[in-house]
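I would like the entire structure built from these sequences, with the hints used as guidance.
So the protein lines, in turn, are chains A and B. Numbering of the first sequence is given in our numbering, commencing with residue 1 and proceeding in unit increments. Numbering of the second sequence is given in our numbering, commencing with residue 423 and proceeding in unit increments.
What the hints contain is simulated information worked out from the structure, not anything from laboratory work. Glycine included, C-beta positions come from ideal geometry on N, C-alpha and C. One thing to keep in mind: the hints can contain errors.
If you only want the chain B side, here are some residues facing chain A, beta carbon under 10 Å, derived [what the hints assert, rightly or not]:
#1 F551
#2 K553
#3 P563
#4 F688
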Amino acid sequence: MMLKTHPGGPSRRGILMASAGLGAVAVTGFPMIASGQGRRPIRIGMPTILSGRVAQLGISSRDAVLMEVDKFNAEGGLDGRPIEMIIRDSRGVPAEAARLAREMISDGVDILFDGEPSSGGFAVHEVVRETGTLTLHINTETSAMSADPRQRFWNAFRVARQGIHDSVAGGVYAAEIVKARNLRRWMTISPDYAYGRDTTAEFVEYLRYFTPDVQVVGETWPKLFQPDYTENVTRLAQGRPQAVYSCLWAGDLVAFVEQAALYGLFSQSQYFAVNMADYTTLKQIKQLPRGVHSGNRYLSSYPPQPANAAFARDYNRRFNNYPTNWAWQAATAVHLTTAALKKVGGTDPRQLAAALKGLTIDSPFGADGKVTMRAEDQTLVGYAIGWGTTIPTEPYVEGIQTANWSQIFQLEQEWKKGKGWA
Amino acid sequence: MDLGELVSCVGSLSCLVTQVSAGLTIGLLLFLVASGLTLIFGVLGLVNFAHGTLYMLGAYFALSAYAATGSFLVSTLAGTLGVATFGLLIERTLFRRIYGADVLMQLLVCYALILIMDDVVKIIWGGDFLKMDMPDTFRRPPFIIGGGIVPLFYLVLFGVTLAVALLLALCMGRTRFGRTVRAAAVNSTMVASLGVNTNMVFAAVFAIGAALAGLAGALSAPIRSVVPGAGVSILIESFIVTVIGGMGSIGGALVAALLIGLTRSFGSIGFPLFTEGLMFLMMAVVLLLKPSGLAGKHPA
Numbered sequence: 001m002m003l004k005t006h007p008g009g010p011s012r013r014g015i016l017m018a019s020a021g022l023g024a025v026a027v028t029g030f031p032m033i034a035s036g037q038g039r040r041p042i043r044i045g046m047p048t049i050l051s052g053r054v055a056q057l058g059i060s061s062r063d064a065v066l067m068e069v070d071k072f073n074a075e076g077g078l079d080g081r082p083i084e085m086i087i088r089d090s091r092g093v094p095a096e097a098a099r100l101a102r103e104m105i106s107d108g109v110d111i112l113f114d115g116e117p118s119s120g121g122f123a124v125h126e127v128v129r130e131t132g133t134l135t136l137h138i139n140t141e142t143s144a145m146s147a148d149p150r151q152r153f154w155n156a157f158r159v160a161r162q163g164i165h166d167s168v169a170g171g172v173y174a175a176e177i178v179k180a181r182n183l184r185r186w187m188t189i190s191p192d193y194a195y196g197r198d199t200t201a202e203f204v205e206y207l208r209y210f211t212p213d214v215q216v217v218g219e220t221w222p223k224l225f226q227p228d229y230t231e232n233v234t235r236l237a238q239g240r241p242q243a244v245y246s247c248l249w250a251g252d253l254v255a256f257v258e259q260a261a262l263y264g265l266f267s268q269s270q271y272f273a274v275n276m277a278d279y280t281t282l283k284q285i286k287q288l289p290r291g292v293h294s295g296n297r298y299l300s301s302y303p304p305q306p307a308n309a310a311f312a313r314d315y316n317r318r319f320n321n322y323p324t325n326w327a328w329q330a331a332t333a334v335h336l337t338t339a340a341l342k343k344v345g346g347t348d349p350r351q352l353a354a355a356l357k358g359l360t361i362d363s364p365f366g367a368d369g370k371v372t373m374r375a376e377d378q379t380l381v382g383y384a385i386g387w388g389t390t391i392p393t394e395p396y397v398e399g400i401q402t403a404n405w406s407q408i409f410q411l412e413q414e415w416k417k418g419k420g421w422a
Numbered sequence: 423m424d425l426g427e428l429v430s431c432v433g434s435l436s437c438l439v440t441q442v443s444a445g446l447t448i449g450l451l452l453f454l455v456a457s458g459l460t461l462i463f464g465v466l467g468l469v470n471f472a473h474g475t476l477y478m479l480g481a482y483f484a485l486s487a488y489a490a491t492g493s494f495l496v497s498t499l500a501g502t503l504g505v506a507t508f509g510l511l512i513e514r515t516l517f518r519r520i521y522g523a524d525v526l527m528q529l530l531v532c533y534a535l536i537l538i539m540d541d542v543v544k545i546i547w548g549g550d551f552l553k554m555d556m557p558d559t560f561r562r563p564p565f566i567i568g569g570g571i572v573p574l575f576y577l578v579l580f581g582v583t584l585a586v587a588l589l590l591a592l593c594m595g596r597t598r599f600g601r602t603v604r605a606a607a608v609n610s611t612m613v614a615s616l617g618v619n620t621n622m623v624f625a626a627v628f629a630i631g632a633a634l635a636g637l638a639g640a641l642s643a644p645i646r647s648v649v650p651g652a653g654v655s656i657l658i659e660s661f662i663v664t665v666i667g668g669m670g671s672i673g674g675a676l677v678a679a680l681l682i683g684l685t686r687s688f689g690s691i692g693f694p695l696f697t698e699g700l701m702f703l704m705m706a707v708v709l710l711l712k713p714s715g716l717a718g719k720h721p722a
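If you want it as C-alpha cells, here you go:
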C-alpha cells in the first residue's frame, strides 16, 4: 500500500539533503569546551574514545592513566608539580580526535597522550607533526606509524604493541599448529581499515614464511563497527577453510564470535584471533569457544609476574573492572613519561624526547620485567607476547607459548628492508 | 571481485540455502526498522531521523529484561512495548508539534533527541558495548538443509519477523484501523470531519512504528553488540530501503529490504570488497530508472 505524505511536508530532495546534513554533523560533532586550567601542574591532554562500540578502549586507557598518575602525584610529582590529565571523548571520529588534539595544544598542554586506535591515531599524528608537541601514541598498533621513516619525527613515540611484532609471533606459533595438524586452506576476516589490512597481510606473510604451502582461499573485510556479521560468517562457511585468521577486536569481535558460533564455525575450523585474549572480549562473549588460538592482549596471569597481578588487582579494586590491552599500554606511557620527567627535571619537549629515546624501565608488562623505548624508531619493544588457546573460565587462556624477541627483531628488520624502510 | 565463486555458489544447493536464508533473515530484520520509518513518514509526514534511536532503545530494554528474567519472550516484549510506550510519549510531547514542518526543523529536533538519548543510555547502561545472552536452546548446532547451514536462532528471527510483516500488512490492508490510517494519510481533515480522533490515530501510528523498531532492536540484541549510537548505521540502511522501496510504501520497503539482505549475502561471495557499495549502487540505479522508488507513486 502507498501512504501519502502530508501536503507541504518534506520532499525527497529535502530529505536527502537533510540526511547529508545529519551525516556532516555526526562527523564533525558539536564544539566541546576545554577545561582544567590549573596552577603549574604538568598538563597532559588525551583524546580518546569514551563512547560507542569501542568505548572500553578509551575508558580503560583513561582509568589506567589516572591510576598511575595518582601514584606519581601522591609521591610528590615532579618536585611538587603534579600531573593534570585533560581527557576528552572523540567518539571514534578521527576528525574529532584531530580537532581535540589541536584544541588541547592551543590550550597549552605540555604533552599529548594520543589514546586513539590507528583510525584516529594517524589523524592526531599529522596534527603533532605540525605543532611539535611531545606525543605518545598509546593505542595505535599499525606498524607503519613508527616503521615507515616518512611517518617518523622527533616528537612522536609509540607506547603500544604493534602489528608486525604480533604477526611474527603469531606466524611462528601458527606455523607449528599448521605443521602438526596439516592446516593448508586458510581464510581471513579482519576489519577494513589500516590496522586490519596491515596486520592481516603481515600475519599471512609470516605464516607463509614458516609454512610456504599454506593457501589463503578467501578473505572477507567487514567495516569497522559493522553491526551485523552474518554475510561475513556465511562467506567463511562457504569457503570451508581449515583455519581462519582474524584481527577483529572488542565489540566487533564479540558480535562476530556470537554469530559464527551459531553457524557452528568454531567446530569446523581452527581459529586464530590475535585479539581474543583481552578481558573486554573474554568477559562479554556469553559462551567462549574452547580452543581458539589467541595472542595475549592483556591477562593478569601473563606475564606471570607479581607486579602484573598486582596491577590487575589494584585496577580491579578501584574501577570494579578488569584491565585491558589498552590499560597496560596507557600505564606504560605514564611510567615512561614520569621516568623521562624525572630524568630531565622539567617539561622541555626536546629534552624529554631525548630522554625517552632508548629509555629502558622496569615494567610489570615486560617479557623479562623490562620494556624499552627503542631509539631508532621510537617504538616500544620488549613487552610480553605469547599465544595460547582459550578455555571458557579463568584464566581464559592456557598453554601460553612465549614469543622470542630475538627472532621478532630479526624478522622485523628483514620486513623493514623488504619495504625499503631500513 | 570473485564472479567464479558467485557462479559456483548459485549452482550449489548448500550455498544457496545458506546465503538465501541469511539474506532473507537480515532483510526481514531491516524491514522491521524501515517499515516503521516509512509508516511514520507516509502517515505523519515526519522524517524520523531518530528512528535508529528507537531501535537502540529496544535492544537495551530487551537486554535489561533478559538479565532480570532470563526469558527471551519477556525481553522481546519489553523491547517492543517499552519502545512503543516511549514512542507514544515523545509523539505527544515532541513530534506532534513538527508534523508537516520544514525538514530542517524535523532534523534539528530528531538530532537533539538522538544526542539526548545516547547520553541517557550512557548514564543508565554505561558507554561500553554490552552483549545480551540467549537461551541455550537457540545455541544448538545449526540445521543442515541440503548441505546449507541454517542456525536455529536465525529461523526464529525469520519466523517472528515474517509473522510481524504479515500482521502489519493485514492490519493496514484489511482492518478498519488500517483504512482509517490510509484515509488520514491522504486527507486528515476530511477524516477528522467524519468524527475520527486523528490525533489518536497519529499517536497510534507513531507508537506502531516505534514498536517495530524496538522489536528489531530486541531481536537483534543477542547477536549484535548493544552500544550507544547503535541506531546510526541501521538508520542509514533503513533510509536506503525506504528510498529504494518508495517513501511511504510498506510493500516497497519489504521488497527493498529483502533485496538488500540478498544483495549483501550474495555480494559477500562475489564482491567481497564491494558489498557495502552494492547497496548504494542499487539505490542509485533505482533512483535513475524510477525516481519515486520501486513502489512509489508520487514524483519526487
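Consistency of the hints with the structure:
1. F551: holds, 4 Å
2. K553: holds, 5 Å
3. P563: holds, 5 Å
4. F688: holds, 9 Å
The structure is consistent with each of the numbered hints, conforming to all of them.
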